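Using the sequences plus the hints, can you model the full thing?
These protein sequences, in sequence, are chains A and B. Residue numbering for the first sequence follows the working numbering, beginning at 87 and increasing consecutively. Residue numbering for the second sequence follows the working numbering, beginning at 466 and increasing consecutively.
No lab work stands behind these hints: they were computed from the structure. Nothing here was measured: the structure is a model prediction, and the numbers come from that model. There may be inaccurate statements among the hints.
Just a sample of chain A residues kept apart from chain B, beta carbon distances all over 12 Å, derived [said to hold, decoys possible]:
| no. | residue |
| --- | --- |
| 1 | K146 |
| 2 | D147 |
| 3 | N251 |
| 4 | R349 |
| 5 | S359 |
The calculated lysine-lysine pairs, modelled on DSS-like cross-linking and capped at a C-alpha distance of 25 Å, are [to be verified]:
| no. | chain 1 | residue 1 | chain 2 | residue 2 |
| --- | --- | --- | --- | --- |
| 6 | B | K505 | A | K259 |
| 7 | A | K373 | B | K567 |
| 8 | B | K567 | A | K404 |
Glycine included, each C-beta is placed from N, C-alpha and C at the ideal position.
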Amino acid sequence: MAKDKKSFFDKMQVLDRRYIYIVVALAIIIPLVIPFNSKTYVTTPTENVYKKIDSFAGRKDRAILMCFSHDASTMAELFPMEVSILRHCFERKVQVFTICFMPAAKPLMDYAIQTAKEEYNVQSGIDYCNFGYKPYGLFLPILLGMGDDIAEAVDTDDEGRKISNLEIMKEIKNYNEMNLVIDFAASAAVYAWITYARARFGANVAAGITAVMAADNYPYLQTGQLVGMLAGLKGAAEYEKLVDVFATHKELDSYGVLQPASREFSKEVLKESWIKLSDIKNVKHKKARIGMNAQTVAHIMIIVFIILGNIGYFSSKKKKKA
Amino acid sequence: MKRQIPLLIVIILGFMFAVHTFVPHKASVDFYDWYQTWIKAISPFMVLLGIMSLFMVHSTKIKRKVPNWQYSLITLIALVGTGAVGFIWGTQQGTPFMWLFKNVQMPMGATMFSLLAFYIASAAYKAFRARSIEATVLLLAAMIVMLGQVPIGIKISKLIPEASQWILNVPNLAAKRGIALGVGLGMTATSLKILLGIERTYLGGGD
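Put into structure tokens, the structure is as follows:
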């Protein structure tokens with residue numbers, strides 16, 4: 087008996103998964119090697135985080151706390167947002183504290199601070215303060231303790247200095263002043279801040295989270311328990327864009343030299359802004375946007391795979407019926 | 466006694482913490498301060514316990530030459546090696562510790578997580594089929610959200626990011642809230658059962 091001749095779609099149905107892996111690898115690698123310009127649109131949750139941080143600009147009686155709750159595996163998504171927020175704070179003179187309760191997050195936290203401060207003349211203990219790594223067993227005592235007195239709850243910073251003696255602490259006592267907490271995680275770590283820091287002390291809480299976890303946070307965004315959220319690589323790319331368009335904006339002076347000219351957030355300016363990736367010299371400041379190119383191609387590839395798979399499924403179903 | 470004493474500790478402290486949450490009396494605040502001092506003292510021992518446990522588990526595997534015992538050896542070498550360079554040269558920028566972090570841990574961690582993209586693509590191709598109405602709805606929602614998450618989505622149509630946000634803000638939110646309420650009620654019920662001594666499985670089986 088002669089064998090039925092297999093159609094293209096029949097062959098595609100039993101395609102070896104290694105071919106899929108090769109296509110996905112190429113779809114990710116090529117856009118990373120040859121970046122192209124794509125216009126990132128900014129979502130409201132990211133906008134809200136930016137505006138909240140920016141409202142603290144130049145104020146000595148306000149600060150933000152960045153809690154690093156992830157390890158190197160999710161760095162591709164979370165690290166660019168951490169660097170962008172730190173750059174925003176350093177540029178706009180927003181006092182910033184950093185802390186982590188995971189040993190694996192400590193080098194990441196140090197690396198983010200070092201990366202962001204490269205272009206700024208900021209000093210530890212004056213413009214920012216790294217609380218360092220604290221054992222996870224102290225997470226709740228510190229979280230709750232900061233509601234009364236940060237200096238007492240944290241005690242010493244990463245360099246072993248007494249928190250109460252630092253200049254940055256002069257007008258900062260508790261969550262009333264350190265009024266925004268941003269937790270960066272690939273898990274539900276932010277819920278503890280919502281449950282205790284938000285509900286009990288009224289602190290504003292925001293999340294920087296991996297894309298797969300983002301869907302879980304929408305109920306908290308809707309209720310206002312989260313003031314904003316940076317979701318995955320897209321959130322990081324959006325924040326990078328906001329920092330470039332507003333915080334680190336430069337304008338030509340009368341001598342034709344580019345001078346820093348930070349500006350307030352404006353939807354109209356954002357709508358009209360267009361920054362070419364090639365115009366940004368420091369690659370660390372556009373990592374998320376370059377990554378978004380790879381994500382764009384990868385998403386399209388996955389959609390193409392789904393469509394091809396379904397065409398094959400329906401054609402073989404039709405054949406069987408016939 | 467082996468079961469009664471731990472049970473009593475859990476019940477008494479459990480109720481004390483519950484009272485502390487709702488009663489802002491000085492005695493309640495003092496109790497919490499006392500607890501904080503103790504937890505600060507106990508916490509470092511947890512790290513010590515973790516390291517000891519890791520050593521015991523992996524050294525036993527190496528001694529008994531169980532299958533894949535080589536991985537245990539690598540784990541212990543990495544643990545001791547990383548700890549040693551951190552203690553000797555510190556953990557600041559430019560130290561061997563940071564070199565190890567940037568050149569070993571970072572790429573290895575990223576590699577493991579990025580494998581997800583390959584599995585998702587393969588699974589989407591092999592299993593994501595419009596076999597029923599529910600599966601078709603799921604498939605379409607996934608495609609809209611995927612397009613809405615990347616800049617090309619808005620290029621195709623302004624409606625795609627809006628539809629993507631609607632999916633996340635309405636059906637997704639409703640489902641997540643339903644799950645969260647269920648989990649919350651379940652947790653409250655389990656906590657009460659533990660506090661009242663009805664639920665005792667956490668004490669371990671047998672006497």
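Checked hints:
For K146(A), the non-interface assignment is confirmed: its Cβ lies about 28 Å from the closest Cβ of chain B, beyond the 12 Å cut-off. No beta-carbon of chain B is positioned within 12 Å of the beta-carbon of D147(A); the least distance is around 26 Å. Every CB of chain B is more than 12 Å from the CB of N251(A) (nearest about 20 Å), matching its label as outside the interface. Residue placement check: R349(A) keeps its beta carbon more than 12 Å from all beta carbons of chain B (closest about 24 Å).
Interface exclusion of S359(A) from chain B stands, the closest Cβ pair being 14 Å apart, more than 12 Å. For a cut-off of 25 Å, the pair hint linking K505(B) to K259(A) stands: about 21 Å separates their Cα positions. Between K373(A) and K567(B) the alpha-carbon distance is near 16 Å, which keeps this suggested pair within the 25 Å criterion. Distance restraint check for K567(B) and K404(A): the Cα-Cα separation of roughly 54 Å exceeds the 25 Å cut-off, and the hinted pair is therefore not satisfied.
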